[in-house]
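Work the whole structure out from these sequences, hints included.
For the protein sequence lines, the chains are A and B, in the order given.
Each residue of the first sequence is one higher than the one before, starting from -1 at the first, in the working numbering.
Each residue of the second sequence is one higher than the one before, starting from 1185 at the first, in the working numbering.
Source of the hints: derived by calculation from the structure; they are not laboratory data.
Each hint can be trusted.
Listed below are the simulated SDA-like cross-link pairs for lysine to any residue, each with C-alpha atoms no more than 20 Å apart in a straight line:
hint	chain 1	residue 1	chain 2	residue 2
1	B	Lys1203	A	Asp140
2	B	Lys1281	A	Leu41
3	B	Lys1281	A	Asn167
4	B	Lys1281	A	Gln37
5	B	Lys1189	B	Arg1253
6	B	Lys1203	A	Ala136
Examples of chain B residues lying across from chain A (beta carbon under 7 Å, computed):
hint	residue
7	Cys1188
8	Thr1204
9	Val1232
10	Asn1251
11	Pro1262
12	Ser1264
13	Ala1282
Idealized CB from N, CA, C, for every residue including glycine.
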Amino acid sequence: MEIRVNPTRMELNRLKRRLKMAERGHKLLKDKRDELVRQFLILVRENRELRERVEKELSSAFASFMLARASMPLEVLEEALMYPTRRLELQVSRRNIMSVYTPQFQWEAQKEGEEGNIYPYGYADTSAELDTAIETLARVMDQLLELAEKEKAVQMLADEIEKTRRRVNALEHVMIPRMEATIRYITMKLDENERGALTRLMKIKDVVRAKV
Amino acid sequence: MPTCKIAVVGDRDSILGFKTLGVATFPAADAAAALQIFRQLVAENYGVIFVTEELARDLREPIAELNRRFLPAVVPIPSSRGTLGIGMEAIRKNVEKAIGADIFSRKEG
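In structure tokens:
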């Protein structure tokens, strides 16, 4: 299918320029897509492994919490965990992957009170299971934040790849063939006009010569 | 560098321990309550939101919407009742979206 235009030389030149531009854009976008996919595959593999590990460790942390809950009354448990000794601060920077900006996190636990003590309670009323649970959870937290970073990047890359692929396909299968068809149409029309003019001239020449 | 906060949304049992780590916890009984909390968290500039898979299951659309932005990052985590495989499912979906086929399909599954 061709674009509806006036079959003039000016239009033809414009179309040829546009076609060249479209072909260059198509090549660049194709390169972009290939590189995005390469980066994506690296990230997604890491993401899978990380998630598997995190889910396993988190389950074990939850299991110890269940034990802790079973071995002490709920009110005591909630009271013990009421006032945290730390505050987790997150710093966000941007990472540029093929001009897709993904967040990167840096975190730091701000300790309040005793140095290095992650347990916000005295040991008198609480069970040992709770200590284990909190220790596991503290370990998992680092990986969880890493997971958040990776998963976000994977998601954003997937969106970008989809968008780029659509653009590549639109150029390759719609825009470029359409322009080529139109260029063909205009050249044929112009050629036809030229032939028409030529035959007309010859005919007139015959008529004029016959009169003389 | 801008700083931001971390939140955990889920049922009471699952989020209990996170509080000790200095993470803000928000108990949510069902998806509707969680959605309400999400809105509040976005307005208050939270950077990372962990949400239990049980809630994430019913909030796929809002979570996908949030994840298209730069921040926050919404991450499904297993709850205290175990994993539903939603996090893995999300990764698989992303692979399908990007590559066009699930190239990491499980051999054992």
